[in-house]
Amino acid sequence: MVRMKPLRDGLPVLTLLLLCLTVVPAIAGAIWVKVFTSAAIFALAARGASVLYARLGLVNLAQVALVGVGGWTVLRLNYATSLPFEVLLLAGAGVTALIGMLLALPALRMRGLYLALVTLMAAGAFQILFTAFQFPNGGSGFWGVALQSPGEMRRPAIAAGDTAYLRYVICIAALGMLFAAWHERARPGRAWAMIRQSEANAMAAGVNVTVYKVWAFGLAGFLAGLAGGLLAGALNILDARSFAAGESILLFALCVVGGVYGWLGAVLAGILYRVVPALLNDWGLDSDLSLVLFGAALLHALMTAPRGIAGQLSGVLGSVGSAR
Amino acid sequence: MKIYGLFLISGLAVGSLYALGGIGLVVLRRATGVLNFAYGAIAAAAAMVCWQFGQWDFPGPAAWLSALVTGTALSLLYGMVVAPGLAWREPAVKAVATLGFALIILGVVSFLWDDAARKLVLPTDKMGVRLLGMKITVTRMIAFFGSIAILIGAVLYLDKTRTGLHMRALADNRDHSALIGIPVFRVETAAWALSGALAGFTGLMFGDLVRLDPTVITFTVIPAIAAAVCGRLNSLPLTFAGGLAIGVCEAMLTLVKPLAPLRSMTPFLLAALVILWMQRKETLTFAREG
Amino acid sequence: MNLRLLGLGGAAALALFALQPAAGAAEPACGLDNGEKATGEPIVVGGINGNAPPGDFSGGTDAAAAYFKCVNDNGGIHGRPIEYIVENDQWNPELAAQVATKLVKDRGVVALVGNGSVVSMAVNAKLYKDENVMAMASACAISDCYENANIVSTNQGPLPSGIGALKFAIEELGTEHAACIGFNIPNNGGWACDWMGKYMESQGRKSTALLMDPAAVDLNSVYLQALAEGVDTILLMLPAGPALGILKVAEEQDGRDMFKWVSPTPLYDPTVPGALGDYWNDSLYVNIELAPFDSDGPDNRNWNAVMDAYGREDDRRDTFSQSGYVSAKFFVEALLEMDPGSIDRASVTEAIKSISGKTSDLLCGPYYVGDFDRHMPNHAGRMVVFRDGRFDVVRECYDIESSYLDPIREQERQLGLTQ
Numbered sequence: 001m002v003r004m005k006p007l008r009d010g011l012p013v014l015t016l017l018l019l020c021l022t023v024v025p026a027i028a029g030a031i032w033v034k035v036f037t038s039a040a041i042f043a044l045a046a047r048g049a050s051v052l053y054a055r056l057g058l059v060n061l062a063q064v065a066l067v068g069v070g071g072w073t074v075l076r077l078n079y080a081t082s083l084p085f086e087v088l089l090l091a092g093a094g095v096t097a098l099i100g101m102l103l104a105l106p107a108l109r110m111r112g113l114y115l116a117l118v119t120l121m122a123a124g125a126f127q128i129l130f131t132a133f134q135f136p137n138g139g140s141g142f143w144g145v146a147l148q149s150p151g152e153m154r155r156p157a158i159a160a161g162d163t164a165y166l167r168y169v170i171c172i173a174a175l176g177m178l179f180a181a182w183h184e185r186a187r188p189g190r191a192w193a194m195i196r197q198s199e200a201n202a203m204a205a206g207v208n209v210t211v212y213k214v215w216a217f218g219l220a221g222f223l224a225g226l227a228g229g230l231l232a233g234a235l236n237i238l239d240a241r242s243f244a245a246g247e248s249i250l251l252f253a254l255c256v257v258g259g260v261y262g263w264l265g266a267v268l269a270g271i272l273y274r275v276v277p278a279l280l281n282d283w284g285l286d287s288d289l290s291l292v293l294f295g296a297a298l299l300h301a302l303m304t305a306p307r308g309i310a311g312q313l314s315g316v317l318g319s320v321g322s323a324r
Numbered sequence: 001m002k003i004y005g006l007f008l009i010s011g012l013a014v015g016s017l018y019a020l021g022g023i024g025l026v027v028l029r030r031a032t033g034v035l036n037f038a039y040g041a042i043a044a045a046a047a048m049v050c051w052q053f054g055q056w057d058f059p060g061p062a063a064w065l066s067a068l069v070t071g072t073a074l075s076l077l078y079g080m081v082v083a084p085g086l087a088w089r090e091p092a093v094k095a096v097a098t099l100g101f102a103l104i105i106l107g108v109v110s111f112l113w114d115d116a117a118r119k120l121v122l123p124t125d126k127m128g129v130r131l132l133g134m135k136i137t138v139t140r141m142i143a144f145f146g147s148i149a150i151l152i153g154a155v156l157y158l159d160k161t162r163t164g165l166h167m168r169a170l171a172d173n174r175d176h177s178a179l180i181g182i183p184v185f186r187v188e189t190a191a192w193a194l195s196g197a198l199a200g201f202t203g204l205m206f207g208d209l210v211r212l213d214p215t216v217i218t219f220t221v222i223p224a225i226a227a228a229v230c231g232r233l234n235s236l237p238l239t240f241a242g243g244l245a246i247g248v249c250e251a252m253l254t255l256v257k258p259l260a261p262l263r264s265m266t267p268f269l270l271a272a273l274v275i276l277w278m279q280r281k282e283t284l285t286f287a288r289e290g
Numbered sequence: 001m002n003l004r005l006l007g008l009g010g011a012a013a014l015a016l017f018a019l020q021p022a023a024g025a026a027e028p029a030c031g032l033d034n035g036e037k038a039t040g041e042p043i044v045v046g047g048i049n050g051n052a053p054p055g056d057f058s059g060g061t062d063a064a065a066a067y068f069k070c071v072n073d074n075g076g077i078h079g080r081p082i083e084y085i086v087e088n089d090q091w092n093p094e095l096a097a098q099v100a101t102k103l104v105k106d107r108g109v110v111a112l113v114g115n116g117s118v119v120s121m122a123v124n125a126k127l128y129k130d131e132n133v134m135a136m137a138s139a140c141a142i143s144d145c146y147e148n149a150n151i152v153s154t155n156q157g158p159l160p161s162g163i164g165a166l167k168f169a170i171e172e173l174g175t176e177h178a179a180c181i182g183f184n185i186p187n188n189g190g191w192a193c194d195w196m197g198k199y200m201e202s203q204g205r206k207s208t209a210l211l212m213d214p215a216a217v218d219l220n221s222v223y224l225q226a227l228a229e230g231v232d233t234i235l236l237m238l239p240a241g242p243a244l245g246i247l248k249v250a251e252e253q254d255g256r257d258m259f260k261w262v263s264p265t266p267l268y269d270p271t272v273p274g275a276l277g278d279y280w281n282d283s284l285y286v287n288i289e290l291a292p293f294d295s296d297g298p299d300n301r302n303w304n305a306v307m308d309a310y311g312r313e314d315d316r317r318d319t320f321s322q323s324g325y326v327s328a329k330f331f332v333e334a335l336l337e338m339d340p341g342s343i344d345r346a347s348v349t350e351a352i353k354s355i356s357g358k359t360s361d362l363l364c365g366p367y368y369v370g371d372f373d374r375h376m377p378n379h380a381g382r383m384v385v386f387r388d389g390r391f392d393v394v395r396e397c398y399d400i401e402s403s404y405l406d407p408i409r410e411q412e413r414q415l416g417l418t419q
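Protein chains in written order, with my numbering: chain A, 1 to 324; chain R, 1 to 290; chain Y, 1 to 419.
If you are wondering where the hints come from, they were derived from the structure by calculation, not from laboratory data. Hints should not be assumed to be uniformly reliable.
[To be verified] What the simulated footprint calls covered on chain Y by chain A, stretch by stretch (three residues with Cβ under 8 Å from a Cβ of chain A suffice, anywhere in the stretch; the number is not a length): (1) 88 to 95; (2) 98 to 109; (3) 114 to 124.
Glycine included, each C-beta is placed from N, C-alpha and C at the ideal position.
Model the full structure from these sequences, guided by the hints.
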């Protein structure tokens, strides 16, 4: 079912990546540097949700909540230790991957909408927790919240400025997407493909269905955790309002709009999630009306582009995007 | 002891609101396969329209009717215009698409009614009886007994009427139903209209009993989904029971000091527990559609 | 104001308008007040508000915009007009960081005035500090706003206003045990109710914090919780919407006379009386942070005149709006004392920090900024009671006592504003 075309796939990816690394940060104003940083971060998170959906048909409506978990962990460790940013990032991703796996446990015997709602319940619970405890800002105690101006969230030494940080985020996002792509091509991807076809057959063929399903949730959590850590680095402090349950539903919807079968769809989801609202706001459109416009565009895209915008693009261009 | 009774009654009152939302969601989901995230937004629009008619000095019944009409109209609009375009998609995609509709409604409603202090008042707010020291207004009784009536009505409708039979057939298998000549479109239209009217009623109750704030009402759909999850998105009686259980637990948690500020998590935790409990005897390893 | 439906809903709109003082014939007075249009090189000033569901905090920037327009028509800053750029962060933390970056870095604003964004204050405090830009805010509700070197807000926020309400309740209503009902958010309800507790303790009285999730459906239980705790007073440390929700539950339970009802400023809003109803007559006391909307002082009259002449029709005329007017006025006065040729961010920041001892009939005490690590110039207020569809003043300006204000009092001593 999944046939990759590494060369044809790789060249445009590399070109786009180089373009993003060199041209975009150079010409964008400070606001757009911030906007693109957010977009790249959520593209990475979106990739986590889309792999889960594309490969196993599992719907994760808690991805943004998991980004919050990653961000919380990274901020907490930032103030508790003096570890370098990269270590914090990996630790945050690891913890979030574990939470993602926990989320998978009650969901192992379910599929489709019902499973989606189980994850949504988790997102709802996280929303209340985040609101009640907020994000560590350098205070003491387990929650690490003090009523004070937030302390300093360390950024990587090579990316202290906003523009350098954007480049850094793009690199990590690219690495994360490669990590996901590797999963799809290697052993887990083959196992997922069999599970998707038939769980019974997969099991008969010696595939450990439970492990690979949990693993997929772990991957989604890992990418969300990376995104959360990067977001904490970008904003210095996180706020519970970013991680409401509705946001998780929205990100999943945008994954479907972008296209779930490859990195390009996730990138589009990130752009739709963060760049488009910033553009509408910059154009001075009334915030209520931009909500209407955004909702209408979402519906329209879902109705007219079955394989997402990425699918349509690859139809037009022949090769760009991903393979199916 | 008396204090427990007080919170029990209060919990049942709030629980009936969750139940009401859950039932509206399940009715639609059973007949059309769509879980409507826009249910809360439709309810919010209905509540605002009702308030507006009240401001224009329309007689009460006209204003209440306007809420039901708004709900039905918005729900039908989506069901007739958008839903057919998504009929062939997976249930999860159908569900998240309704979020787009929710955003549109929320945007329009917030545009029309700018942020201001408002209150929705029904004449039944003034009437009531005392039970265990708590006054139960007729509005709360309407919410409670209304949801029971709707529950019974919906169950009878699905069991006894031809359209109900068709709805059940559709819920079981859409393609087969179409093949044996069930008028799928007509049945779905009926379901959208019914669910929309329920959303209008829900909006009226939330606007009166919780608060008249479009954003808050829009997102009450998430705890309402928890009630629906308790009923496996399928069973109306279980959804009703789930809603009441959530309300009562949430109210009772008020008495547990350290947990009281976090008691809004009840819907989500209870739904998760119900799922685990339902799975307790399953030995089947394979996933199935819920 | 919900005037967007004016064409359809005249009755509603009229009812709301009736609450406002009649538009006086008074001419607005702004800046140099010489009637000459400013044409020089613009001075770029920014403002950030939060206007999207769940709330509209745009009153401050609206009033500042109207005042600046008026200043530009009246000589500007010695001939230089103010270019005021307002951004809306839509209650979205990332957007808040983005628009602040745009204003501070891309547009190079000399200062931010009239800010009314809760989210932005939490997210951008560090940016303001790093970029050495001052924010003269108008609509704040969280601790971050009052505990930063680069942010000074004209409104009091929940803490002084809540303590003011409690002080009144103790002295006039005989409160012994108060419940503080607030949102379960650390830097909002948690912060404010915590200090309410300390205040009550310092007065030898009891208090109980009842916190709830902002999206909570179950307001009934919050009310019952107060009942179960045996409190005699309820302090509604909430925005107007949820506070009205609790009041409605209380009305349903006929709880008006079981408790004394007090609240900080949010319930003092032109749209609230219409939503309250006669039931609450003489039973709901609200602390107000600035002068009453219909008061007769020159600044309050001028605020109305400026809004009439330069505001937009749908501008809100609430406490935040008055507060935005005050911020803008003092900002302009500070600029006018500067050499118009040498106005840049560093000099403006310095000029703002040297503001001291300004007075206005809208404020009970002096307004000052100073070079300090926190700011809270406004902490004395008035008390009003709800009566027959309007609010009547029941206690004129009075200050509060709280150890929270110790560093603030020290500032006032240093600036020579108090002994």
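Exercise for review: If any of the earlier hints don't hold here, list their numbers in rising order.
Suggested key: Checked against the structure, no hint fails, so every one of them is satisfied.
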